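Enquirer: One line per chain: the protein sequences are A and B, in this order.
Residue 112 in numbering that gives the first Met the number 0 sits at position 113 of the first sequence, and the numbers go up by one each step.
Residue 282 in numbering that gives the first Met the number 0 sits at position 283 of the second sequence, and the numbers go up by one each step.
Certain hints may be false.
Put simply, identical chains are the same to the list, so a pair is met inside one copy or across any two.
Claimed, not checked - Calculated cross-link-like contacts (lysine to any residue; reagent style SDA-like; alpha-carbon spacing at most 25 Å):
no., residue 1, residue 2
1, Lys473, Ser449
2, Lys150, Ser127
3, Lys178, Leu6
4, Lys107, Glu14
5, Lys491, Asn74
These are computed hints drawn from the structure, not numbers from a lab.
This one's a predicted model, so the numbers in the text were calculated from it and none came from an experiment.
Chain by chain, the residues run as shown.
2 protein chains.
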Amino acid sequence: MTIKEALQKLEQYEETSFALGHAMGILNYDGSTVAPKQSARVRALTQGELSRMSYELTTAPETVEMIETLKAHQNELDATLARKAEELYRDLDRMRKIPKELFVEYEKLCVESDAVWHEAKANNDYESFKPLLQKMFDMTKQLALCIEPDKDPYDTQLDQFERGLTAKTCEVFFDTLKKGIVPLLKKVIDSPYQVREPLLEGKFAIPVQREFSDFVMGVMGLDPERSIIGETEHPFTTDFSKYDVRITTHYHEDDLLSSMYSVIHEGGHALYELNIADDITMSCLGGGVSMGIHESQSRFYENIIGRSYEFCGIILPWLREHFPAELSGLTQDRLYRAVNVSSPSLIRTEADELTYCLHIMVRFELERMMFAGKITADDLPQEWNRLYKEYLGIDVPDNKRGVLQDSHWSFGAIGYFPSYAIGSAYGAQYLLEMNKSFNVAEAVSSGDLSPISGWFRERIWKYGRMYDPSDLFKKVCGEFRPEVYVKYLEDKFTKIYRL
Amino acid sequence: MTIKEALQKLEQYEETSFALGHAMGILNYDGSTVAPKQSARVRALTQGELSRMSYELTTAPETVEMIETLKAHQNELDATLARKAEELYRDLDRMRKIPKELFVEYEKLCVESDAVWHEAKANNDYESFKPLLQKMFDMTKQLALCIEPDKDPYDTQLDQFERGLTAKTCEVFFDTLKKGIVPLLKKVIDSPYQVREPLLEGKFAIPVQREFSDFVMGVMGLDPERSIIGETEHPFTTDFSKYDVRITTHYHEDDLLSSMYSVIHEGGHALYELNIADDITMSCLGGGVSMGIHESQSRFYENIIGRSYEFCGIILPWLREHFPAELSGLTQDRLYRAVNVSSPSLIRTEADELTYCLHIMVRFELERMMFAGKITADDLPQEWNRLYKEYLGIDVPDNKRGVLQDSHWSFGAIGYFPSYAIGSAYGAQYLLEMNKSFNVAEAVSSGDLSPISGWFRERIWKYGRMYDPSDLFKKVCGEFRPEVYVKYLEDKFTKIYRL
Chain A
0 MTIKEALQKL EQYEETSFAL GHAMGILNYD GSTVAPKQSA RVRALTQGEL SRMSYELTTA
60 PETVEMIETL KAHQNELDAT LARKAEELYR DLDRMRKIPK ELFVEYEKLC VESDAVWHEA
120 KANNDYESFK PLLQKMFDMT KQLALCIEPD KDPYDTQLDQ FERGLTAKTC EVFFDTLKKG
180 IVPLLKKVID SPYQVREPLL EGKFAIPVQR EFSDFVMGVM GLDPERSIIG ETEHPFTTDF
240 SKYDVRITTH YHEDDLLSSM YSVIHEGGHA LYELNIADDI TMSCLGGGVS MGIHESQSRF
300 YENIIGRSYE FCGIILPWLR EHFPAELSGL TQDRLYRAVN VSSPSLIRTE ADELTYCLHI
360 MVRFELERMM FAGKITADDL PQEWNRLYKE YLGIDVPDNK RGVLQDSHWS FGAIGYFPSY
420 AIGSAYGAQY LLEMNKSFNV AEAVSSGDLS PISGWFRERI WKYGRMYDPS DLFKKVCGEF
480 RPEVYVKYLE DKFTKIYRL
Chain B
0 MTIKEALQKL EQYEETSFAL GHAMGILNYD GSTVAPKQSA RVRALTQGEL SRMSYELTTA
60 PETVEMIETL KAHQNELDAT LARKAEELYR DLDRMRKIPK ELFVEYEKLC VESDAVWHEA
120 KANNDYESFK PLLQKMFDMT KQLALCIEPD KDPYDTQLDQ FERGLTAKTC EVFFDTLKKG
180 IVPLLKKVID SPYQVREPLL EGKFAIPVQR EFSDFVMGVM GLDPERSIIG ETEHPFTTDF
240 SKYDVRITTH YHEDDLLSSM YSVIHEGGHA LYELNIADDI TMSCLGGGVS MGIHESQSRF
300 YENIIGRSYE FCGIILPWLR EHFPAELSGL TQDRLYRAVN VSSPSLIRTE ADELTYCLHI
360 MVRFELERMM FAGKITADDL PQEWNRLYKE YLGIDVPDNK RGVLQDSHWS FGAIGYFPSY
420 AIGSAYGAQY LLEMNKSFNV AEAVSSGDLS PISGWFRERI WKYGRMYDPS DLFKKVCGEF
480 RPEVYVKYLE DKFTKIYRL
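Bound-form chain A, shown alone (with noise of 0.2 Å):
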């Protein structure tokens, strides 16, 4: 195969490539938002057919020639091709390891199991999940032997999250945070400046939440006519190239800022898929680069922006126009302090930026430990609550506000949880990257983020998967300082706890 004929190839292989993956995530997105609960049997069927005919094309004879072909050639191509052959043939080099009925297999496995973990947890229920879940980790485990036999598995997972992470980064990160997080926290509980707003213990009607909503994509500056805002259980952003990407949400009616937080965390990733370069968008390029990367959006927008003082001020007059009778009292210095009360809590999604490392924590160890063999799917809740007291000092009285509350481990995403926790360090890096070029706070209170959006669509966004996440972190901060985040927490919450 020429190098000519290997890029014609390219151009139809991406196309049947990107239509696979977006037939595959609107069957998700549909069925995670609207779709009846029977429709499970028949979606695991059909997403088990599209992942086999995604690794019949991935590894068709035509097209490893291809890749290998441009592979072969990469120095003879420009920039952006040659980074499509790079990592083609990284996708390709993991996919050719595993058995394709085992690969199949997975895909089935890890739609029934989405299906049955909505029910546990709906109905409180470990047991029912259970099997499932020691499946998928036998599963997902046996998959990383087969990509790299002789590396330690869980190493292999995190990898797929976060290019280059290994649990030995994980440890040594997450040490540092717990030097700095576990006495500042201490200081705060034992602060007697302790903070309760009543005002936001109400009920607030979910049609005018979903209002909220439109309204916070509106400053987040989220092109209404490239994206949508679902429900669902476990919010989530997805997205089919940048001209359509779905964030989601679920409302409760007596917790106003769940679904806010969620909504500006979600938007956040959905910010870097609308602003993917054109070139790239439905390519093998398209998309953002990693986990870690895309939650260090997400978490920025929800935390640094969102729990700012200045972001209180933006979203203040519509709280209290469309609640009068709830809201009328609540000032921005009131509101400042809801939204950065620090407590230990149950629930990760709705941690505050202090203890949500700590959640983190809990899950990793989990995950390696479950690797390891040591525990099994019958441990699996005791150990989260042990963990919970351990780390965060309190009671699970649950599993359904323990074990079962997040979505990740139910569609297979095992070693995601550390993205969680090396974006939110990368954020405190980027804001003081970002005040070098302007005054983030001044922006934010201008009502205007589009200096903000404008500094990321510039350095990340729209270089998709150009770039590996530990070259485009360097390339915009220079050296991965968790420390710099240790700074940014003791700031913040020296100041609002008077400590």
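With chain A fixed as given, assemble chain B onto it according to the hints.
Expert: Using the frame of chain A, we list chain B on its own:
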């Protein structure tokens, strides 16, 4: 290939074929209900690719060999497998006469054109849709001529929606209807006994209308674990096996009956799909056999049941309870007369039973003229308006309420409309037969519609595509006699209008 090998191959073929159809259907459902506007271009690419895969799957040498093997040994197979062999052969025979590129281009056109139609209708802008509409007619005709070069391409189209139907048959059928309906309608219009129900002219909150739809679905016996209701510009039903059936509707605050009757109509389609036999649901025999039979179910529920005096008795208490301010004065008599007001009107889907088929005749004439090259898309709006004047005696004020009102042409369903009239006429014969088994009016009075669904399930629904539509109808009702429908209309409207 031995029969045994062919049967093994068939299993895998049906799964893959189902998966592709499922994926394309979900993309379409998602596109019509929730997808952001700019997603259309991405969806067109994906639908094009999936269509290509579907084409390649059907025409692959090993599929052809499998189908031909089964067809050759049809007599040795059980009834279900023999029917599969026949149906698959028929599909293959059609498919392989169409060049692949043409097929894919057509499928892409359907997606693009549907998106443009949505915009065009919303903006009352026929000009923007015109070029695509012309292309749709041209291409549909071109495909029909590929499939059956020696046949009138419009007959080929009719056959796709109702096997065996020809333009000639339609003409004879429509003549019978016209002879009965036109003089009857004249008498209705001239009757001094005209009805206008001011109670139904108010505003009806859409959230309550949504609850009403759920109530109506419950009355009809639609299983909520297997069916859902979405919102679209133009109501439709789609299914992905009997485990996942979707209906859609459109709510208007000032028109309570519009969404109600669209839900009952689509609910009739849904009942059909929900009750296909388990052993064929995900196979090539799963799904309703033809659009004529399908519309006979939807129109039966919409009109013969939904516009009966007894059905008004079921829904009245709900309406009075949930719209106390608006409808407390409503009685069963007044509701019955209100839902049966007969008057020439602009919109097909809102038309009363008596004038409905006149709307169909307009479309039939237009499609024939377009296929015969007597008119082009340039002429369609004027011709539409001329025929509405001729058949219904009314002036069409704009294209939104004229030629742009229906979605069918936008997604390639040319030759579909006559199925609505045929289906409506079938309904009167079902009623005649059903009354031999039990008293239909009494069953509806009781509020328990299960004798009706049971009757249909055993005679029509469970069979899926096991029989040709005309054979199936004959099995249930004997010869098709449109005069039974005319008689039904005469009886009903003579009574209501005291003629």
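Enquirer: The structure should be examined with respect to each hint, and the outcome stated for every one.
Expert: Status of the hints after comparison with the structure:
In this assembly of identical chains, the alpha carbons of Lys473 and Ser449 lie at most 25 Å apart only when taken from the same copy (23 Å versus 68 Å across copies). In the homo-oligomer, the alpha carbons of Lys150 and Ser127 never lie at most 25 Å apart, since the shortest distance is 32 Å inside one protomer and 59 Å across protomers. With identical chains, the CA atoms of Lys178 and Leu6 are never at most 25 Å apart, being 52 Å at best within one copy and 65 Å at best between copies. For the identical chains of this complex, Lys107 and Glu14 are neighbours both inside a copy (24 Å) and across copies (14 Å), given an alpha-carbon limit of 25 Å.
Proximity of Lys491 and Asn74 under a CA criterion of 25 Å is satisfied in neither setting, with 48 Å inside one chain copy and 80 Å between copies.
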